[in-house]
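**Q** In order, the protein sequences belong to chains A and B.
Counting from 1, one number per residue, gives the positions in the first sequence under the working numbering.
Counting from 130, one number per residue, gives the positions in the second sequence under the working numbering.
Please note: incorrect hints may appear among the correct ones.
When the alpha-carbon atoms are kept at most 27 Å apart in a straight line, the in silico DSS-like pairs for lysine-lysine are as follows [unchecked claim]: (1) B:K250 <-> B:K223; (2) A:K92 <-> B:K223; (3) B:K304 <-> A:K92; (4) B:K223 <-> B:K178; (5) B:K304 <-> B:K292; (6) B:K196 <-> B:K223; (7) A:K92 <-> B:K250; (8) B:K196 <-> B:K250; (9) A:K92 <-> B:K196; (10) B:K223 <-> B:K183.
Hints were generated in silico from the structure; no laboratory data involved.
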Amino acid sequence: MSVALVIVSHSAQLADGVVELAAQMARNVELRAAGGTDDGRIGTSFDKVNDAVAELRAAGHDVAILTDLGSATMTVEAVLDFFDDDELAHVKFSDGPLVEGAVAAAVTAQVGGDLDAVVAAGRARELFS
Amino acid sequence: MSDTLSVAWALAWIRGSQAVLAANREHLNDLDRAIGDGDHGENMDRGFKAVVVKLADGAEDVQGVLKLVASTLMSTVGGAAGPLYGTAFLRAAKAVEGDLDANGVVAVIAGALDGIVARGKATTGEKTMVDAWTPALVAATAAAEGGATPAATLRVASDAAAKGAEDTIPLQASKGRASYLGERSIGHKDPGATSTALILNAAADAAEAA
Chain A
1 MSVALVIVSH SAQLADGVVE LAAQMARNVE LRAAGGTDDG RIGTSFDKVN
51 DAVAELRAAG HDVAILTDLG SATMTVEAVL DFFDDDELAH VKFSDGPLVE
101 GAVAAAVTAQ VGGDLDAVVA AGRARELFS
Chain B
130 MSDTLSVAWA LAWIRGSQAV LAANREHLND LDRAIGDGDH GENMDRGFKA
180 VVVKLADGAE DVQGVLKLVA STLMSTVGGA AGPLYGTAFL RAAKAVEGDL
230 DANGVVAVIA GALDGIVARG KATTGEKTMV DAWTPALVAA TAAAEGGATP
280 AATLRVASDA AAKGAEDTIP LQASKGRASY LGERSIGHKD PGATSTALIL
330 NAAADAAEAA
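Please build the complete structure, drawing on both the sequences and the hints.
**A** What follows is the structure, encoded as C-alpha cells:
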C-alpha cells in the first residue's frame, strides 16, 4: 500500500507550491494540496482536508497529513476526530516543519517507506537535534 | 421565565449570538489585528451567519442545535476559531439530553471548555478563550449548586466570562499566533475570550427572555 500526502496550508498558493516542490523528488507519490478556505481566503478548510483524505483512501493509499501553522493542525485534528481506530491506522498527522517535512516525507514515500516511516520523516526531527 | 431551557432557547441563543457577533465584527477584527491575523470578527460573523441559515430548517432539541452549530462552524470559519468553537459545541452537544436545568447549563459550559482544551491544548493564563470559559464554568457550577435557575446560572457565567476576557489584557500570550509577539502581546484583550463572552451573554439574554 503506497503512502500519499495531504499538504494543508492557510494559503492555497503555499500548499500548491509545497506540492510542486515535493513532487520534484517524488514523481510517483500522490500529493494533494488542501490550502485556503472553501471561498479562497487565507485559512484552512475542514471539508478540503476531509475530501482530500477521502479521495486518497478511496484510491487505496495510506495518508500522511502535514500542516503549516497551529490552526491548520487543529483543523486536521478535528477531521481525525471523526475517524474510527481502524481508519486512524491508515491516516496520520505528521507534525513537522512544512517545507522540509513535506520533501522528506515525499522522498520516503517514493522509496517505499510505510506510513510510520513517512510520518517520522515528515517530522524532520534531525533538523533540530 | 421557565424552569428549563428548551430548543426554543437554543435557537434564540444562536440567533442572538449571530446578531451580536455581526455587530462586533470590526471590534473583534481590531482586537485580532493587534495580536493575531486580524480576521476573528470576519470569521465568527461568517460562521454564525452560515449557522443561522442551516438552523432555518429547525432542530429537534438542544442537542440537535448544538451539533449543527459544531459542524457548520468547523466547515465555514476557516481560522483557529473554527476547530476550537466547533469542538466546543460538539462536546457541549454530547454532554446534554433533552431540556436543560441549571446542571444542564453547567454541562454545556463544561463540555465546551473540555473541547477547547482538548483541541487547543491551552490552560488558564495563556491569553486564550480558555481564560473566559474557565471562570464561566466555575461561576456556573457554584450557582447551580446554590439552586440558581438556568437563566441565573447563565448570567453569572456570562459575567464571569466578560471579566475573564478583561483579565486577559495584562497577560502575555503563550499559545497561538499571538505567542510569536512575546511581551508585545501584553496590553491587548484576547479576541477569542471576547467572542466567548459575547456568545455567553447571548445565551443568558435568551434564557432571561424564555
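**Q** Hint numbers the structure violates, sorted upward?
**A** none
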